[in-house]
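Fit the two chains together into the complex; they arrive one by one in their own frames, and the hints show the way.
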Amino acid sequence: MYAQLVDTGAKRLKTLEEMSPEERAFQEKIDAEIKIEPKNWMPEGYRRTLIRQISQHAHSEIVGMLPEKNWLTRAPNFKRKLQLLAKIQDEGGHGLYLYSAMETLGADRDEEVAKLHSGEVKYSSIFNYPALSWADMGTIGWLVDGAAIVNQVVLQRTSYGPYSRAMIRICKEESFHQRQGYQILLHMMQNGTDEQKAMVQDSINRFWWPAMMMFGPHDSDSPNSAQSMAWKIKRMSNDDLRQRFIDQTVPQLEFLGCTAPDPELKWNETRGHYDFGEIDWTEFYDVVKGNGPCNRDRLRTRRKAIEEGTWVREAASAYAAKQKQKNAAA
Amino acid sequence: MNQNQALFEYLLRLGDSDMILGQRLCEWVGNAPALEEEMAIGNVALDLIGQARSWLTLAAEVASAAELEAAGRSADDLAFTRDERAYRNLLIVEQANGNFADTMARQYLFDVWHYHLLSALSGSADERVAAIAAKGLKEVTYHLRRSSAWIKRLGDGTEESHARMQDAIDEIWTYSGEMFIADEVDNLLAVAGIGADLNRLRSLWQADVQALLAEATLNCPSMDEYMQRGSKQGLHTEQLGFLLAEMQFLPRAYPGASW
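Chains as they are written, first to last, in my numbering: chain W, 37 to 366; chain R, 808 to 1066.
No lab work stands behind these hints: they were computed from the structure. Small disclaimer: the values here were computed from a predicted structure and weren't measured. Do not rely on the hints blindly, as some may be mistaken.
Stated by the list, open to error - Which residues of chain W face chain R? A partial, calculated answer using Cβ under 10 Å:
{"id": "1", "residue": "V99"}
{"id": "2", "residue": "T109"}
{"id": "3", "residue": "R116"}
{"id": "4", "residue": "K117"}
{"id": "5", "residue": "G128"}
{"id": "6", "residue": "I220"}
{"id": "7", "residue": "H223"}
{"id": "8", "residue": "E344"}
{"id": "9", "residue": "V348"}
{"id": "10", "residue": "Y355"}
{"id": "11", "residue": "A356"}
{"id": "12", "residue": "Q359"}
What the hints assert, rightly or not - Using 30 Å as the maximum straight-line C-alpha spacing, the simulated DSS-like pairs for lysine-lysine come out as follows:
{"id": "13", "chain 1": "R", "residue 1": "K945", "chain 2": "W", "residue 2": "K208"}
{"id": "14", "chain 1": "R", "residue 1": "K945", "chain 2": "W", "residue 2": "K115"}
{"id": "15", "chain 1": "W", "residue 1": "K208", "chain 2": "R", "residue 2": "K942"}
{"id": "16", "chain 1": "W", "residue 1": "K50", "chain 2": "W", "residue 2": "K75"}
{"id": "17", "chain 1": "W", "residue 1": "K268", "chain 2": "W", "residue 2": "K151"}
Don't be surprised by glycine CBs; every beta carbon is placed ideally from N, CA and C.
Next comes chain R alone, as it looks inside the complex (with noise of 0.2 Å):
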């Protein structure tokens, strides 16, 4: 595997992780405990979704620069014509919305990897991913407030919604511990300065957690529990490929059509 064949790999799950999670935080609308919540959900779904644009645009460049099997690929044509083998966004983002707090849950948990993983990507080598790094951390420092919050919130909140709180928790955390799988993709571009480091990435994501999740009076899993895998290879639990039959529907069935 060459450096750009890794960048290009590397883009897709940065990309396909936004993409996904925006995707799904678009059911949301209409559906929202409150209009202010409609409106929070949706901006951070806008922001995911063109933050998924900014990376799958670079990695289509990428591409077509290096001759690459994607070569002369658009950003669209990667997102909405991809098949689920193909995709390689994180299992997390890829679960269904559930309640507000398993919403909240995964949101959260995904946010302060999210979070540290622009941090870090602000300074990359690759002054193309620094600036989209760099644009995203703005919006990402807001998601994570907010969701930050919200597990407080839920968490302290009354007994009814520490105990949902707690259960989103625990249902979703066997989903967070692929974030930090480095393979050759991730220490080819982390040893080039190009990509993040995942093993500081966990000791602070570990530490944040942690504390969050103690401050919300909530119990917070180990990182020692089994941990489900495969995203990086394109192995999807069952609920991606409903998502994409549902986000692909109209280029899937009207082939060549300009929208």
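If we strip away everything but chain W, and leave its shape as in the complex, we get (with noise of 0.2 Å):
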């Protein structure tokens, strides 16, 4: 769940009689489960969203390597350093083809990366929150990557083509970096000393509550999901995506033997599901807002990053001209 509040543009959604007759028909395609392709038609607010969502989405892929890129140069020995080398690699992997699949709709990479370092585009909210231990390695690839798939599942049904495909591949390696995260806990929880115990314990503790808003805000909250769910950009309502979340998250935290810093976290005979506490929505607007504890050292990470790139670039293309002259002339 890489992307949060996107905005639709739509207050209302229109009625199949309200619309014209190309939104009409884009409509019918959507309901009857037909992919829409790049050199389709499609209504303008439809294409913005999409957008909005998927440079959101990977944006969020590439911010998201700097937390683990925190832990990469002191990963503890040759296996937990290869495996977070490789994660880290398949996010901007990630990051990549989604930005292709975000190309498609006539966006521009550069133009995007530009408002994502204005402020004006957001990434996840959990990036924005340190990764203070080694085992944080651990609960980032268990609970982030794992609140993640929850959303990516779904979204492999999502109604624009090259969204979708992206979403299945990226699925896969999701559940692989899913399962190595867990593996770092469960290995440290059965075979670590107390100090190792203690240090997974408190990231849970640090990483519930962020991991839990990472679906947004409550549906009722969610003025645009209406419109997107109607476009089936969205396929699953964030309240719903939540309480998925949390009823497969907690068999696993008692199999590690941990708990969740949330008191009113208990099984529901009648519901079926696990109900839960109330997140602090002030913190998720405050992060959100870019007041979190790592808003600002991430973009001013990305920003320097590619400021301080210009020259290289710049020499990149200049060559490539030079070469183009030459063989043109030979």
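Next comes the structure, spelled out in structure tokens:
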């Protein structure tokens, strides 16, 4: 779940009667589960919403590399170091793949990245939390990638063809990351010292609620969801996704021998789901607005990378132009 | 010094250079000039750390089989707990990343050497060495192609990139000569057909580097300039201690912990 609060620009849904013939044909195609492809006609709002959602998703993959990078140079052994580096590589690949899907909608990667850097476009709030111990490399894989998968599994059926296909591929790698993350924690809980076990519990305490926030506001506070659902860009509501995630995560938490920092978390026999406490929405909106512990650092790092690389990219373009000229002359 | 002692030492040198350069490249993650470069740098780091693991695993096996002083230590122990004076990586790989031109200059000069070294070791009389070298050579062939391309792009790109690339070559050059200084270990293993002949490597390296720098419109410094040395005796620059302090933090802060 790397896209939160995606604006659709629609105040309310149009009925089929209110739609133009083009819009109606489009909506009927969506309703018949026929994928929309880049060259098909689409409403401007659909195109813009997708660009926002896919770019947010791509930015999240790229910014999401940073908390892991914080421990990459301190990974404790060969196995973990190679795993973590490979995971970060996968995330960069997901970013590239998603930017390409986004470009099929007529958007430009550099322009969208500039919007990220100016703060106009967001990335997932989760990456504004710091990675403070090695256990966080496990928790991020388990909870953060885990939450992302719950959303992305559903997005495999999203209505836009290139996005759907990107999700299918990305899901395979994400589930691998989740298992790796869980295994990091399990190893520490089963073979670790008391200090290591405490490190795991502390990490879960810090990431539990931010992971729950990844699914975005309650459905009742999510004004853009109805249009996104009608267009089948979104396929399940925020609250349903969050419930699904909690239901599948709690047994894993118990198997670890750890607890969640939520006194209200308990199985509800009647509902057939876990009940859980209320998210601190003030914190959520503070982080989204840029006041999380790492918002400034994350953006500064990304901006610096691109700014300091300007002369490198210019040189590459100049060299390519020279080569083209030489080849034309030959 | 017997052959096993020499081989152990030789394997540490191979593994340590790969490890330290891989660690330096990890520092680029999140900071590369373009997303595509982010991926490429990470891939090279992944290859190098993988190769380090192979060499140090073999080093650990040799140490245990021959009952050397390091017997009983694993590849992880060798990489993540050995101190600075016991590290055997070339001085060139521990140098700080600097700007992208500095990183590429360091990479290219190392890659040319690495490529010819692994080509030679692919024919090693020790089958274990030959197997690791042959596998690594495939990866290093790509590393060299990529760093060569960047030397040309930056050397023959813009005025700014040319100046930065030339500075980078001039700055790192003093660490290149050490790659060809043979000691007792090198000589013993070269005679046994296990190690590489460093004199031969030197002329291959020189020809390649001179040709590529010329193509990139860059000046190639002389190989007769003063060259820094010391890594084969574990005498490093001040850079290495900090790198190891970071890389070895967890195993040192939590001795005996399993990760």
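Comparing the hints with the structure gives:
The beta carbon of V99(W) comes within 9 Å of a beta carbon in chain R, closer than 10 Å, and the hint placing it at the interface holds. Residue-level restraint check for T109(W) holds (minimum Cβ-Cβ distance to chain R is 5 Å; threshold 10 Å). Using the Cβ-Cβ criterion of 10 Å, the hint placing R116(W) at the interface with chain R is satisfied: the shortest such distance is roughly 6 Å. Look at K117(W): its Cβ gets to within about 6 Å of chain R, closer than 10 Å, so that hint holds up.
Checking G128(W) against chain R: minimum C-beta separation of about 5 Å stays under 10 Å; hint holds. Given hint, I220(W) at the interface with chain R, holds; its Cβ is 8 Å from that chain's nearest Cβ, closer than 10 Å. Because the beta carbon of H223(W) sits about 7 Å from the nearest beta carbon in chain R, less than 10 Å, this interface hint is met. About 7 Å separates the beta-carbon of E344(W) from the nearest beta-carbon of chain R, less than 10 Å, and the hint is met.
The interface hint given for V348(W) holds, since its Cβ lies 4 Å from the closest Cβ of chain R, which is under the 10 Å cut-off. With 10 Å as the threshold, the beta carbon of Y355(W) comes within range of chain R, its nearest partner Cβ sitting at about 4 Å, so the hint holds. With a least beta-carbon distance of about 8 Å to chain R, the hint placing A356(W) at the interface is held under the 10 Å criterion. Contact between Q359(W) and chain R, as hinted, is supported at the beta carbon level, the nearest pair being about 9 Å apart and thus within 10 Å.
Distance restraint check for K945(R) and K208(W): the Cα-Cα separation of roughly 27 Å lies within the 30 Å cut-off, and the hinted pair is therefore satisfied. A distance of roughly 22 Å separates the Cα atoms of K945(R) and K115(W); the hinted pair therefore holds under the 30 Å criterion. Restraint check for K208(W) and K942(R): satisfied, since their Cα atoms lie roughly 27 Å apart, inside the 30 Å limit. Between K50(W) and K75(W), the direct Cα distance comes to roughly 24 Å. Compliance with the 30 Å bound is thereby established for this hinted pair.
For a cut-off of 30 Å, the pair hint linking K268(W) to K151(W) stands: about 25 Å separates their Cα positions.
Going through the hint list in order, the structure satisfies each hint without exception.
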